[in-house]
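Respectively, the protein sequence lines represent chains H and V. When the letters of the first sequence are read in order and numbered with our numbering, they come out as residues 1 to 204. When the letters of the second sequence are read in order and numbered with our numbering, they come out as residues 1 to 647.
These aren't lab readings, by the way, just hints derived from the structure by calculation. Yeah, the Cβ is synthetic: ideal placement off N, Cα and C, and Gly gets one too. Take the hints with a grain of salt, since some may be wrong.
Unchecked claim - Quick partial rundown of chain H residues pointing at chain V, CB under 7 Å, derived from the structure:
no.: 1; residue: M1
no.: 2; residue: T12
no.: 3; residue: E126
no.: 4; residue: A139
no.: 5; residue: E145
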Amino acid sequence: MRLETCYYCSSTIWPGHGIQFVRNDCKIFRFCRSRCHRAFKKKWNPRKSRWTKAHRKFTGKDLATDPTFEFEKRRNEPVKYNRELWQNTLQAMERVEEVRTKRERHHIMKRLRQGTFDRKAADLREVRDYIHLVRAPNATKPMEEIEMVQKAIAKREEAGELLTKVGTTVATTKKLSALRRRAPKIDVIIETSDTEQMIAEDVE
Amino acid sequence: MASSQYNFKKIVTIPTAQDFIDIILSKTQRKTPTVVHKQYKIARIRNFYLRKIKFTQQSFHDKLQLILTEFPKLEEVHPFYADLMNVLYDKNHYKLALGQLNIAKNLIDNVAKDYGRMMKFADSLYRCKCLKRAALGRMATIIKRQAQSLQYLEQVRQHLSRLPSIDPNTRTLLICGYPNVGKSSFLNKITRADVEVQPYAFTTKSLYVGHTDYKYLRWQVVDTPGILDHSLEDRNTIEMQAITALAHLRAAILYVMDISETCGYTLEEQLNLFNNIKVLFTNKPLLIVLNKIDIKQFDELSEEKKAVFEQFRKDDVRIIEMSTFSEEGVIEVRNEACDRLLAHRVDIKLKSRKVNDVLNRLHVTQPQKRDERVRAPYIPEGVIQRLESMQVTNNNNDQNVSIEKKKTERDLEIELEEDYHLDLRKTWSLKDNDERYDILPEIYRNKNVADFIDPDIMTKLEELEREEEAREQAGFYDMNESEDDEETTAIRKLAKKIRYKRQVIIGEARSKKQARRTPSVPRPKRAVDRENLENTMSGLGIDMDNKEDSHYVAKVHETRSRSLSRPEIKRKREDSEGHVRSSSKVPRDQSGVRDVTMAKKARKINKISQRKMNLGGKTGEADRRIFIKKPKHLFSGKRSTGKTDRR
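With the sequences and hints as input, model every part of the structure.
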């Protein structure tokens, strides 16, 4: 009795479930349910189906490479039975699973945490750039909350928290500034005809 | 190759001449069109009858062709069969019959061609019909003349299909000798053939075949009719069959002799016959078989009789005795004959050119030693010890040799009967044999245990633990959950408000854009509500307290330009003529007309100018004018239904 993994979605196939397909080159494809089997027959790439584990690992949403994955490996050479070894193995399995799940969760949380930072930065930008929608520039009435917020923003700007231009993200701005540092600025001189120049002078 | 096929069972039945004609003519009647009238076009009639002629010709031709191809050509079959057929059916007669059929076929073709040509000149149905009758009649007559040939060929076919299927190239034993010596009995004994055995001569009138097995091979055994001792020309058909077989089949010859002379012929006579037909035995393994030893033994023979066999001994021919009655020596005879034939065939094959193909299969190669290293077969120690112990016990007690047999599972099963169960684990050899009967988990916590089994697993686990600790200490898992201070919450709240406002503005702009593109009824302009304006502006933080004198406040008292002089005239939307008042069209009779007098004058001038025209009674511009008096579409053309007398 062996638990297999589905070729398409990488879930475990329990005994009595699923379909196996053996190709002419003797490669065996196991599927946990007809959804995966049909997807395979339609020649869909599991890396592109967003619900599969393959996709999640491919796009980095789940932990892909970790020392804890090395413990579970298909072994072809059988080891002679030894009660102590077996007992140790069972304990090790528990512990390894704990560690692995902890690390996986941490990976996901780290990824999601980035979102909170982005949202905070977005809030700051929003307030800094569109404050005129809630308080007219020439307003005279005192509005405490808004004034407090404005002070807070001024403080952060002084502190040097990266407040980018409207409509850009931190990542793209970094790239832009890196580019600017590398490439020199080019001054473009457009040659105008005489008549145009005269008109321009007249206008001035 | 079809030419060396010995199976003549697939020849088609040949009908008698009358039947033949009937079949073909009725076929023509059924398969060709039957209806024709004299008022048809002559080409059609000609075609009709021509078709019948051609159809009949074709049917005859095909059938005769089939017969000619299916009968075996004597030149193409194996010479044994050619000779046999000659003996049985006379080669000349056979060839003649087939030749006649060929001629008949050609004649029929010619008839059809001639009458086909003549048909072109027939000008009435009757003449065509006569031609057709003539053609078909002539074809029928041709076939009627072949009645004899057809009959003969049918008989030949029937006999051919009953010939025994003798393969001339395989291993064959040929039994020959005087009549009544016991050839057919011998055949019955060694094969499953059931040939008639009777005390009168020429019981066997043709060749019979039986099959027997020896050394995993199939052997044909051919029984011939008895041969009498006279010259070749005097032989009858039955004897000739035997001679043919002897002449053409490459077989081992078993010349059967009756040692008891109960067949009616003495040993000298039998010897004479043998000498006469010795010619046929060249290059064939020969065996002299003495039959009927149950009646008379070889030793009981007189001296003169024994002298007969001196010649055989001189010729170095093997003699075997047997009795088909008591079955003594029958098998030996067969075995001996088969062995001799096999050896003979092998010799021939070795001398032939094809031997090299076979030699490859006969050669056995031994691997050459490439170095001096001894590579002895491996025998496990346990086996060696057991063998030695066996040797010792053998040496010790030569009388009671008891080989210690291992107790098998079957023995155990018998011993325990119902309590027995197959215990595969008892042969397991582990470090600690107490662990043999442990229950092993295969799946634990949704994982296969077998995937984790590793002798080094504990070291790896320790390594992992250490790494984990290091990570924890380094602060890898610390999530800096910074508490939101009130500043951040305030910022967030405000940002939310701003975002909402922005969405509203964007939405409005979008709908305005949309409205510009789509056709719609424009809404009347609505004045800005003062209250709304002041509320929004104060919401944005602008002071809106004393705004009575500002421009947007609607003033009750307007300027004094028009209010007292003229009251507002309320006018109907539409005027008396139904024109909408807002339209700026001035009626023609009033455009450019300043006052009533001018209008009157204008009217008068208009009327006067029209007076001359009106008095003349001529067609004016307002009268109907027909430009085209007679439009073509109304005065021409046929109607699809009905008459055209009304236009």
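Outcome of the hint check:
1. Given hint, H/M1 at the interface with chain V, holds; its Cβ is 5 Å from that chain's nearest Cβ, closer than 7 Å.
2. Interface restraint check: H/T12 against chain V, minimum CB-CB distance 6 Å, threshold 7 Å, status holds.
3. The criterion of a C-beta within 7 Å of any C-beta in chain V is met by H/E126, whose closest approach is roughly 4 Å, and the hint holds.
4. The restraint placing H/A139 at the interface with chain V holds, with a minimum CB-CB distance near 3 Å, inside the 7 Å limit.
5. At about 6 Å, the closest approach between the beta carbon of H/E145 and any beta carbon in chain V falls short of 7 Å, and the interface hint on this residue holds.
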